[in-house]
Amino acid sequence: MAPSDPLTMTFSALADPTRRHILARLAAGDAPVKELAASYDMSLAAVSKHLKVLEEAGLISRSREAQRRPCHLEAAPLGTVAEWLEDYRAFWERSFESLGAYVKTLQVAGAPRRPRRPGRPRRGGGR
1 MAPSDPLTMT
11 FSALADPTRR
21 HILARLAAGD
31 APVKELAASY
41 DMSLAAVSKH
51 LKVLEEAGLI
61 SRSREAQRRP
71 CHLEAAPLGT
81 VAEWLEDYRA
91 FWERSFESLG
101 AYVKTLQVAG
111 APRRPRRPGR
121 PRRGGGR
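Mapped onto this note's numbering, the consecutive letters of the sequence shown carry residue numbers 1 to 127.
It is worth saying that the hints were derived from the structure and are not from the lab.
Treat the hints with care, as some may be off.
[Claimed, not checked] For each label pair, taking beta carbons as the anchor points, the in silico distance ranges come out as: (1) Ser48 to Leu78: 17 to 25 Å; (2) Ser61 to Arg94: 17 to 25 Å; (3) Asp16 to Arg94: 31 to 39 Å.
From a predicted model like this one, the values you see are computed outputs, not experimental measurements.
Glycine residues also receive a C-beta, built at the ideal position from the N, C-alpha and C atoms.
Kindly generate the complete structure, drawing on both the sequences and the hints.
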């Protein structure tokens, strides 16, 4: 896979907890860089580097409003990730269904039988 593959870039951007936190914040609404940076114990330049990674992955966009440069969440790449994961969700569901069926066969096969009481004849058929 090429480093410019959109899915790879999205996963790479999501790999960092700071960037995931920034995306979660932007899900609540647009925010300027300084407001985003105030949440972290790092320099404005460090936060800007995180924002650049998110922007290159297409997860955020920035606009200019006078002196402000608000960041905006772009959710489309997250939809691509969700689509990719869907095949794996189906796989795990099938696996859990198979596991459930197997456990049921074990329960039936290993169901404890009531012991016969000594001296009592079996039901349903006499001597």
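- Query: In this structure, is the beta-carbon distance linking Asp16 and Arg94 contained in 31 to 39 Å?
  - Reply: Cβ of Asp16 to Cβ of Arg94: about 32 Å, so the range 31 to 39 Å holds.
- Query: Is 17 to 25 Å a correct range for the gap between the Cβ atoms of Ser61 and Arg94?
  - Reply: Given range 17 to 25 Å: violated, Cβ gap about 38 Å.
- Beta-carbon spacing of Ser48 to Leu78 - inside the hinted bounds 17 to 25 Å or not: For Leu78 against Ser48, whose Cβ atoms are near 22 Å apart, the range 17 to 25 Å holds.
In the structure shown, a violation is registered for the earlier hint numbered 2 alone.
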